[in-house]
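J.: Since the structure of chain A is provided, determine the placement of chain B on it from the hints.
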Amino acid sequence: MKDKIAEAIADLLFRAETDLSEDVENALRKAMEEEEGIAKATLSNILKNVELAREQGKPMCQDTGTPTFFIKVGYDFPYRHILKEAIIEGVKLATKKIPLRPNAVDVVTGKNSGDNTGHHIPYIHWDFMAGDECYITAMPKGGGSENASALKMLKPGEGMKGVKKFVVEHMAMMGGDPCPPTVVGVGIGGGGDIAMELAKKALLRKIGERSHDGEIAKVEEELLSALNSLGIGPMGLGGKTTCLDVHIEIAHRHPASLPVGIAVQCWANRRKSIKIDGGGNIWNID
Amino acid sequence: MEYRLNLPVGREEIERIKAGDIIYVNGIVVTARDEAHERALEYFREGKSLPVDFSRVAVYHCGPVMKKNEEWHVIAAGPTTSRRMELFEYDFIKNFGTRIIVGKGGMGEKTAKACREYGAIYAAFTGGAAVLAANAIKKVKGVEWLDLGMPEALWIFEVENFGPLVVTIDAHGNNLTEEIKNKAMEKASSIF
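Order-wise, the sequence lines are chains A and B. Read left to right, the first sequence gives residues 32 to 317 (our numbering). Read left to right, the second sequence gives residues 286 to 477 (our numbering).
Among the hints, erroneous ones may be present.
Anything over 10 Å on all C-beta distances counts as not near chain A; from chain B, calculated [claimed, not checked]:
id	residue
1	Glu402
2	Lys424
3	Lys426
Cβ-Cβ distance ranges computed for the label pairs, FRET-style [said to hold, decoys possible]:
id	chain 1	residue 1	chain 2	residue 2	range
4	A	His150	B	Glu443	30 to 40 Å
5	B	Gly458	A	Asn178	21 to 31 Å
6	A	Ala282	B	Glu443	50 to 60 Å
7	A	Gly88	B	Glu429	26 to 36 Å
Away from chain B, derived, C-beta distances all over 10 Å, residues of chain A [stated by the list, open to error]:
id	residue
8	Asp34
9	Leu124
10	Gly222
What the hints contain is simulated information worked out from the structure, not anything from laboratory work. Backbone N, C-alpha and C fix where the C-beta goes; we use that ideal spot for every residue, glycine too.
Chain A with its partners taken away, still in its complex shape (with noise of 0.2 Å):
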């Protein structure tokens, strides 16, 4: 079974890297109708190589980022124990089958393990939930996006509006470096490490898809025109598109903080699943 579950992984993060999801796509597509001149010939490039690597079954970036995975996990799944080691065993053989760029850099000496493993990568968020299912996903996550990722812990007293001041700012000074037209990921409250875990876990969501809180749906409308009104454009080279969606999380806070996280999707925004039941079948999702 570890082997089957290894095969799945690998062709898990084949589905992402080559096959753009279609709610990213259309955005980008929407996009592009609406652009003109430098904007509109960035969009059609872009999606063209979608095209091309969806045809080719090429990953659409050579930066085929950092595996990420995040799994929901039955209490009664009977592969369990088994999981992490076929995740590793997955990435391994994704990085020679599809082929991955060997990502993982020793901090230390520098040095390039080869084959996308090494200390905490790949890096496995985990959740648990009724039943005997599984649930997978995988975020393999480019890093000139990651690079755009920030912390601030506000001052209470600067409240929401502190928040959001802090998101425009510091998208603004990012530019076109985290490839826009982008989507944000923002995690409000908790600590600093539940802010971040927040603002990663919001870049699940599908475009256009509201938080459950009306008044944080509120805030994100508002954040997403805010970021499109700076005229960053794709890919930084001026234009009305400079992201595609912001994504709020929320965590309660200490009373003396109000922490604020930013994780970034690029253009490129990868992420595909799938479910695997107690029987040991495998069904895709996208």
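T.: Okay, now just chain B, sitting in the frame of chain A:
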């Protein structure tokens, strides 16, 4: 304006080009990221010879996905974020006489200064458009410094109609992406 440039190019040809123009490049393009820049400058300081004449090629900020069967093949080769090379680019252009730098996201004031003083341009390829870029690469001529790892090595590519590249820094002191970013930052500070 749109230009087709055959490498190597001279200073006069570079000086005709303005920020906002589109160029297509033919000839030899060599990839170089952080570590290759650092090593090239180190070799220069120590008087060691370099495996590539950077004055005759375009330098491409790119860490490609390559595959070796009998020979090396390009799988994906879009640009990486150029701003990381801002640390090195002034000295690089000054010491090696590179005329065309290609990357994504734009570069800062020091690079623009080098472009103005030594007659060079910086042009952006669509970030992440890795398959599109790979299609313009006709041949892998070689690889140097592979000990730095696949992304950081110097990959020597022969390209045909490599583009469209948007010139964001010209040899006259213009810097398109910095102008856009500065306006964005000014606007951002007054929204909330």
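J.: All hints, please: hold or fail.
T.: Now the hints, each set against the structure:
1. With a least CB separation of 24 Å from chain A, Glu402 of chain B remains clear of the 10 Å interface cut-off, as annotated.
2. At roughly 18 Å from the closest C-beta of chain A, the C-beta of Lys424 of chain B stays outside 10 Å, upholding its exclusion from the interface.
3. Once the 10 Å rule is applied to beta carbons, Lys426 of chain B is consistent with being away from chain A; the minimum gap is 18 Å.
4. Judged by the Cβ atoms, the range 30 to 40 Å given for His150 of chain A and Glu443 of chain B holds: they are separated by roughly 39 Å.
5. Take Gly458 of chain B and Asn178 of chain A: their Cβ atoms lie about 27 Å apart, and the range 21 to 31 Å holds.
6. For Ala282 of chain A and Glu443 of chain B, the hinted distance range of 50 to 60 Å is satisfied, since their beta carbons lie about 53 Å from each other.
7. Between Gly88 of chain A and Glu429 of chain B, the C-beta spacing of about 29 Å keeps the proposed range 26 to 36 Å intact.
8. Remark: the non-interface label on Asp34 of chain A is consistent with the geometry, its nearest Cβ contact in chain B lying 24 Å away (cut-off 10 Å).
9. For Leu124 of chain A, the condition that its CB be more than 10 Å from all CB atoms of chain B holds, with the nearest at approximately 15 Å.
10. Annotated as non-interface, Gly222 of chain A keeps its C-beta farther than 10 Å from every C-beta of chain B; the closest such distance is 24 Å.
Of the numbered hints stated above, none is contradicted by the structure.
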